[in-house]
Every structure is written in C-alpha cells, then in structure tokens.
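Chain by chain, the residues run as shown.
Protein chains: 2
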Amino acid sequence: MSDSSKGLRGIEAGSTAICTVGAEGNSLHYRGYSIEELAAQATFEEVAYLLLYGELPDSTQLKAYIERLQQLRGLPAALRTVLEKIPADTHPMDVLRTGCSMLGTLEPEEDFAQQDFVADRLLAAFPSMLAYWHRFVTSGQRIDVETDDESLAGHLLHTLTGARPGEDHRRCMDVSLILYAEHEFNASTFTCRVCAATLSDMYSCITGGIGTLRGPLHGGANEEAMALIERFDTAEQARTEVAAMLQRKEKIMGFGHAVYKVRDPRNAIIRGWSKQLSADADNAHLYAVSEAIENLMKEEKGLFANLDFYSASAYHFMGIPTALFTPLFVCSRVTGWAAHIKEQRGDNKLIRPGAAYTGPDHRPYVPINNR
Amino acid sequence: MSDSSKGLRGIEAGSTAICTVGAEGNSLHYRGYSIEELAAQATFEEVAYLLLYGELPDSTQLKAYIERLQQLRGLPAALRTVLEKIPADTHPMDVLRTGCSMLGTLEPEEDFAQQDFVADRLLAAFPSMLAYWHRFVTSGQRIDVETDDESLAGHLLHTLTGARPGEDHRRCMDVSLILYAEHEFNASTFTCRVCAATLSDMYSCITGGIGTLRGPLHGGANEEAMALIERFDTAEQARTEVAAMLQRKEKIMGFGHAVYKVRDPRNAIIRGWSKQLSADADNAHLYAVSEAIENLMKEEKGLFANLDFYSASAYHFMGIPTALFTPLFVCSRVTGWAAHIKEQRGDNKLIRPGAAYTGPDHRPYVPINNR
Chain A
0 MSDSSKGLRG IEAGSTAICT VGAEGNSLHY RGYSIEELAA QATFEEVAYL
50 LLYGELPDST QLKAYIERLQ QLRGLPAALR TVLEKIPADT HPMDVLRTGC
100 SMLGTLEPEE DFAQQDFVAD RLLAAFPSML AYWHRFVTSG QRIDVETDDE
150 SLAGHLLHTL TGARPGEDHR RCMDVSLILY AEHEFNASTF TCRVCAATLS
200 DMYSCITGGI GTLRGPLHGG ANEEAMALIE RFDTAEQART EVAAMLQRKE
250 KIMGFGHAVY KVRDPRNAII RGWSKQLSAD ADNAHLYAVS EAIENLMKEE
300 KGLFANLDFY SASAYHFMGI PTALFTPLFV CSRVTGWAAH IKEQRGDNKL
350 IRPGAAYTGP DHRPYVPINN R
Chain B
0 MSDSSKGLRG IEAGSTAICT VGAEGNSLHY RGYSIEELAA QATFEEVAYL
50 LLYGELPDST QLKAYIERLQ QLRGLPAALR TVLEKIPADT HPMDVLRTGC
100 SMLGTLEPEE DFAQQDFVAD RLLAAFPSML AYWHRFVTSG QRIDVETDDE
150 SLAGHLLHTL TGARPGEDHR RCMDVSLILY AEHEFNASTF TCRVCAATLS
200 DMYSCITGGI GTLRGPLHGG ANEEAMALIE RFDTAEQART EVAAMLQRKE
250 KIMGFGHAVY KVRDPRNAII RGWSKQLSAD ADNAHLYAVS EAIENLMKEE
300 KGLFANLDFY SASAYHFMGI PTALFTPLFV CSRVTGWAAH IKEQRGDNKL
350 IRPGAAYTGP DHRPYVPINN R
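Residue numbers (numbering that gives the first Met the number 0), protein chains in the order written: chain A, 0 to 370; chain B, 0 to 370.
There could be a bad hint or two in this list.
A pair counts as met if it fits within one copy or between any two copies, since identical chains are not told apart.
When the alpha-carbon atoms are kept at most 27 Å apart in a straight line, the in silico BS3-like pairs for lysine-lysine are as follows [claimed, not checked]:
1) K248 with K348
2) K348 with K274
3) K84 with K341
4) K5 with K348
5) K260 with K348
6) K341 with K300
7) K250 with K84
8) K341 with K260
9) K300 with K348
10) K250 with K348
11) K260 with K84
12) K5 with K84
13) K297 with K250
14) K62 with K297
15) K274 with K250
16) K297 with K341
17) K84 with K62
18) K62 with K5
19) K62 with K348
20) K274 with K84
21) K300 with K62
22) K250 with K341
23) K274 with K341
Worth flagging that the hints you see were computed from the coordinates, not collected in a lab.
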C-alpha cells in the first residue's frame with residue numbers, strides 16, 4: 000500500500016449529510032449551519048435536535064424535546080450498583096464506556112425503530128452516570144440525578160458540582176457542548192459507523208465510540224493542555240518555559256489539526272468564553288498563560304490553537320476536575336455519533352477493507368516435538 | 000465517491016503480517032501456516048500463541064503459556080456482581096461487552112507494556128464471564144470458574160455445561176476455536192484497529208470488537224443457521240422446504256462469503272467434526288439435514304457453505320445453547336483482535352478517512368421565533 004493511504008487519509012469511506020469540516024481549511028458546518036452562528040444563537044438542545052433529526056426544531060418541537068430529555072435523566076438501580084463498583088481511580092472514560100454497555104443490557108435496543116429513543120436516552124443519561132459515579136467515589140454521596148434544570152448544560156454542572164451554576168457558567172458549558180457535538184468521520188465516529196454497518200445495536204456502536212475517543216491521539220488533548228497551563232503562574236513564565244520546551248522539541252498539545260489547515264473555527268469561540276469566565280475566576284491567570292502560549296506557538300511554529308486548548312481553562316474556571324474533560328466530550332459527541340449511526344443504517348453496506356500482507360509465505364506446520 | 004469503494008471494499012486500510020484470507024479464492028493462513036494443518040495438528044493454545052507472539056511455541060513455552068492461562072480464569076468480586084446484575088434475557092454478546100469493559104476498570108492497562116497480560120487475561124476470562132453469567136441466570140448457581148481443565152476448550156465446555164466434556168467434544172471445541180481465531184481486516188477486527196490507532200487501551204478496543212461482532216451481518220450467522228436446521232426432522236423435508244424458501248427468495252444463512260470466492264476452507268473441517276459428533280448425539284438427524292441443505296444450495300445457487308453453517312450442528316451436538324454461539328466466537332477471536340491491536344500499535348497512524356458530503360449547502364441560522 001502507498002504510505003499516503005495509510006490511516007485512510009483522504010480516502011472517502013462513505014457519504015454524509017451531517018457535517019462538513021475544513022472547507023477552505025477553516026470552516027465547520029452542521030447540516031449547513033455555520034458553527035459561529037450556532038454557538039452565538041442556538042442552544043445545545045437545538046443543535047442536538049438538528050444533528051439527530053436533520054432540521055432545527057420549531058418552538059413546540061424544542062419544548063417537547065427538552066421535556067423528553069429531562070424525563071430520561073434517571074439511572075436504573077442495577078446501573079447505579081455497577082457504577083458504585085467502579086474504583087475511584089478509574090479513567091472516567093472507562094466509567095462511561097461501562098455505563099453505556101450496562102444500560103444496553105437493561106434497556107436494549109430491540110429494534111431500529113427504537114433508535115431515536117436510545118439516542119435521547121444516552122444523551123440524557125451520560126451526565127447522570129458521570130456525576131453519580133464521580134460524586135460517589137469522591138464523597139460517598141448517592142446523588143439524585145433527576146434534577147429540574149432545563150438545559151443539559153445546567154444539569155451537568157449542577158450534578159457534577161452539587162450547586163446550580165450561574166448563567167455565565169451554564170451558557171459557556173452549553174456552547175462547549177455545541178462545539179464538541181460533531182466532526183464528520185473522525186476516528187470515534189468512524190468506529191461507530193464500522194460497528195453500525197454490521198447492523199449491531201446503538202449501545203454497541205456508542206460504547207465503541209467512547210473507547211475510541213478515550214485514546215490520547217483523539218480525545219484527551221484538553222486534559223493535556225490543562226496539565227501544561229497549570230504549570231505556570233504568569234504569562235511571562237509560560238512564554239519562557241514553552242519556548243524552552245520547543246527548543247527541546249517537546250510536544251505541545253492543543254495546537255494544529257488533521258483537517259483544518261488555516262485555523263480551527265471553534266477556537267475563537269471558546270477563547271472568548273474562557274476570557275469572559277476568567278474575570279470572576281480563581282486562577283484567572285490561566286487565561287493570560289493560555290494567550291501567551293497561543294501567541295508563542297503562532298510566532299514560533301506557525302501553529303494555531305484548536306478547540307481543545309482554551310476548553311481547558313474554560314472548564315477549569317467552571318470548577319470541573321481535569322479528569323472529567325474528555326467525558327464531557329462524550330456527553331456532547333453522543334449526538335454526532337448517534338446521527339452517524341442512523342445515517343449508516345439508512346444506506347448500509349458492511350465496512351470491510353482489505354489489507355496489504357507483509358507476513359511469512361506459506362510454511363509447513365512443524366509438530367511441537369520437532370520445534 | 001464511487002459505489003465500488005463504498006464499505007471500503009478492496010481498499011487497503013493498512014498492512015498486516017498476521018493472516019491471509021482467500022488467496023486463490025479458497026485459502027486461509029495464520030502467519031503462513033495453513034488452516035488445514037493447524038486444525039489437524041495444533042491445539043488452540045498453540046494457535047493463540049502463534050497469533051499473539053508470531054511463532055509457534057516450543058514445548059517449554061507452550062507449557063508455560065497453558066499454565067498462565069489457567070491462572071487467569073478467576074473473576075474479581077466486583078465483576079461477578081456486575082454479571083449478576085445483567086438480566087437473564089440479555090443478548091449474551093452484551094454480557095461479554097459489559098464484562099470486558101468492567102474488567103478494564105478493575106485491572107486497567109496502565110501502559111502498553113502490559114498488553115500481553117491483558118490479551119491473555121481476556122482470553123482466559125471470557126469463558127469464565129460467559130459461563131458465570133449463563134449459569135447464574137439459568138439456575139441461580141454462582142459457579143467456581145477456576146477449573147483445572149488444561150485446555151481452554153475443556154474449561155469452556157466444563158463451566159458452561161457443568162460437566163467435564165468427553166475428548167471428542169473437547170477436541171471439536173478446540174478445533175472450532177482454531178477456525179474462528181483470526182480473519183484479517185473483518186469488521187470487528189477493523190474496529191479494534193481504528194480504536195487502537197487513537198492509542199486507546201486494549202479493553203476499549205476489544206469492547207468495540209465485541210459490539211461490532213454482535214451485528215447480524217458479522218457474527219451470528221451460526222445462530223441463524225441453527226434456527227434453520229432445527230426446523231426440519233429429515234433430510235428430505237429440509238430439501239423440500241429450503242427449495243421452497245429459495246423459490247420465495249428467502250435468505251439462507253451460512254452460505255457464500257465476502258472474501259472467499261471458491262470455497263471456505265474451514266467448512267470441510269467443521270463438517271467432518273459435526274459428522275463425527277452426530278454419531279453419539281441426540282438430534283443426530285441435524286447432520287443429515289445440514290448435508291441436504293448444503294447439497295441443495297450448491298446445486299441450486301452455486302453457493303458453498305461457510306464456517307458458520309456446520310458450526311451450528313457441531314455446537315448443538317456439544318450441548319451448547321444457540322444464544323451462546325456468537326459469544327464462543329468472541330472467546331476465540333479475542334486472539335486475532337489482540338494480535339491486530341498489538342500490530343497497529345507497533346506501526347501506528349490515526350485511522351481517519353474522509354467522507355463525501357451530500358447535505359445542504361451553507362444556510363443562515365433562523366432564530367427560533369422565526370421558524
């Protein structure tokens with residue numbers, strides 16, 4: 000095989016009407032709507048509806064959708080028991096992977112006619128799973144996950160932190176969920192489609208998506224960006240030390256992108272939110288630190304910050320522990336995954352590529368006593 | 000995109016030294032050794048070692064490997080609790096998917112240096128998980144899964160049925176595990192590689208593989224073959240009624256193959272075993288029924304039986320409930336999956352294909368009150 004096709008880079012593995020990424024090197028559209036307009040004007044629930052059902056809801060549809068999601072927040076007793084059995088030091092992505100798989104045994108998708116229910120159920124239940132486990136292992140509390148918060152963003156922050164968020168935090172989380180919701184044939188979505196193409200159930204597909212997003216080459220860059228920025232107390236220190244890291248050819252996470260060539264259109268949006276939240280935050284210097292690193296990377300390497308970079312400080316300002324950053328990605332991306340699973344099912348062919356063989360030629364079996 | 004590349008058919012998605020499938024339309028080799036020689040002369044443990052470590056073991060290595068696998072059969076208490084919480088009517092593939100994910104929280108792969116341990120652990124533990132859950136939900140027993148059976152095949156039949164198997168049953172299972180162990184870039188293995196390419200952990204990859212194998216277009220054909228053959232009391236009845244099904248253009252499962260064009264080399268092997276076991280079996284007529292259907296399909300449609308077709312009667316003769324057929328596939332294929340995950344990690348590039356966009360052009364956002 001040619002080296003250029005390794006990783007299927009540039010090879011079309013299917014068709015999609017859900018999203019375009021990187022047209023002109025810098026744009027993102029969900030079903031034709033630009034990410035800038037969605038992040039400025041829409042709610043996450045509107046975007047979830049758009050991705051899953053193809054069109055923006057009208058106000059009656061949106062009201063019904065919000066109520067449906069609110070009613071689907073509860074966790075069955077057997078699932079709560081499973082979550083309580085997961086050790087405190089577990090990678091939180093493994094918690095969601097296991098919780099998703101377990102819910103699939105308790106409320107199986109018996110028929111594809113149930114696919115919208117399962118998608119909505121997982122969308123509503125992932126924040127509950129994450130918060131229930133997190134609060135149980137950190138404080139021993141068995142929290143009530145059936146809050147009356149209207150938005151998923153508010154529910155998420157409320158259950159994770161135990162306090163109803165202020166509107167600036169709630170809306171920042173809402174926007175972050177919009178930004179992370181969908182990104183075409185990225186690796187985790189592609190896993191969902193490979194799985195869906197065998198006509199497996201939606202829980203299997205999304206469990207596979209979570210496991211794929213868990214990898215450090217995919218999700219997790221915002222956690223690594225956080226680990227970087229929290230090492231510095233001032234912008235000057237960040238500039239000096241990151242410059243030294245570049246000298247030593249160390250990798251700086253949160254910059255550049257496989258698909259965007261000019262800029263990541265999501266960066267400016269989340270940077271604005273990080274700046275806004277820093278005004279009232281502890282560790283407010285992390286915004287200035289982030290800006291100093293962004294500027295340095297542009298000057299020294301010509302690299303732009305991607306969505307993950309300022310998501311780190313924004314999440315931190317909202318009081319979210321770093322280990323939960325990638326699971327929040329799941330709480331959002333489940334919408335894109337489910338939309339792709341539905342789309343794959345609608346025009347399906349088993350995804351079964353070939354391989355270039357590089358192993359030994361035929362060789363005769365040698366009985367064990369002659370080896 | 001061209002219709003021919005849909006499903007990535009014929010497109011090389013990577014390189015492998017593990018297996019060739021379908022050279023000359025009819026052959027299968029694991030690391031250069033023909034499936035016929037392996038099934039006739041090797042044990043499953045030898046084949047697992049070959050797939051995972053690249054070469055057949057010598058007798059010292061094999062002895063150590065068998066002992067290692069024997070020591071890894073136990074299930075942690077938290078995992079047993081989780082298995083007990085999974086309802087009796089759950090798809091058994093969902094049990095293994097959840098059990099695999101849960102074990103990943105209890106014994107995480109902290110570093111790729113542990114990958115061989117995790118592969119061996121899952122290989123040894125899947126039969127235990129399956130049997131523990133199956134016996135618990137069917138009879139309320141909490142069985143001891145740490146048997147002293149030397150082979151995985153013996154352990155599997157012993158724990159599933161509660162009785163130590165006779166040598167013919169044990170060796171038939173051993174051969175079946177060899178036949179199902181590996182098959183190049185099939186859909187579930189490809190899922191494992193897409194997941195592995197983000198540098199995620201082995202539990203995530205294999206959890207995704209299980210979910211993908213669960214789909215009726217991939218695993219499960221042997222279960223459907225069983226559902227077909229058990230409808231008939233005689234070979235004559237099978238011939239008449241399957242001919243009528245073909246007239247009605249109904250699909251007959253267990254025939255033809257996406258990659259083999261001439262014959263499935265595994266079919267003759269498992270057919271021989273099914274015939275041998277039928278001599279002492281209840282429902283021995285199912286062998287003659289299977290033969291009648293195989294002959295008819297050849298005559299009428301020019302289609303050959305694949306591995307799944309006679310696996311159905313062979314498993315049935317060993318006393319295995321039909322719902323557990325696809326999970327047995329997991330107990331074997333975990334070796335191929337793990338070998339591919341190791342190989343992907345050894346020369347990695349993120350697998351991120353492109354997509355052909357078929358959705359709406361850019362459209363302006365319309366505020367909700369104007370919709």
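Evaluated hints:
1. K248 with K348: between (44 Å within a copy, 20 Å between copies)
2. K348 with K274: Result: close neither inside a copy nor across copies, 46 Å intra and 35 Å inter.
3. K84 with K341: neither (32 Å within a copy, 29 Å between copies)
4. K5 with K348: both (22 Å within a copy, 7 Å between copies)
5. K260 with K348: This pair counts as between: shortest inter-copy Cα distance 19 Å, intra-copy 31 Å.
6. K341 with K300: neither (40 Å within a copy, 33 Å between copies)
7. K250 with K84: neither (36 Å within a copy, 44 Å between copies)
8. K341 with K260: neither (30 Å within a copy, 31 Å between copies)
9. K300 with K348: Between copies only: 22 Å across, 42 Å inside.
10. K250 with K348: Answer is between: at 17 Å across copies they meet the 27 Å cutoff, but 39 Å inside does not.
11. K260 with K84: neither (44 Å within a copy, 49 Å between copies)
12. K5 with K84: Classified as neither: same-chain Cα gap 40 Å, cross-chain 42 Å, threshold 27 Å.
13. K297 with K250: Only inside one copy: K297 and K250 sit 14 Å apart there, 59 Å across copies, limit 27 Å.
14. K62 with K297: neither (44 Å within a copy, 58 Å between copies)
15. K274 with K250: Within one copy, since 25 Å is at most 27 Å while 61 Å is not.
16. K297 with K341: neither (40 Å within a copy, 36 Å between copies)
17. K84 with K62: Close neither inside one copy (36 Å) nor across copies (35 Å); limit 27 Å.
18. K62 with K5: neither (46 Å within a copy, 39 Å between copies)
19. K62 with K348: neither (36 Å within a copy, 44 Å between copies)
20. K274 with K84: neither (39 Å within a copy, 46 Å between copies)
21. K300 with K62: Classified as neither: same-chain Cα gap 47 Å, cross-chain 55 Å, threshold 27 Å.
22. K250 with K341: between (37 Å within a copy, 24 Å between copies)
23. K274 with K341: Neither way: K274 and K341 sit 37 Å apart in one copy and 43 Å across, limit 27 Å.
Against the hints set out earlier in the document, violations occur for numbers 2, 3, 6, 7, 8, 11, 12, 14, 16, 17, 18, 19, 20, 21 and 23.
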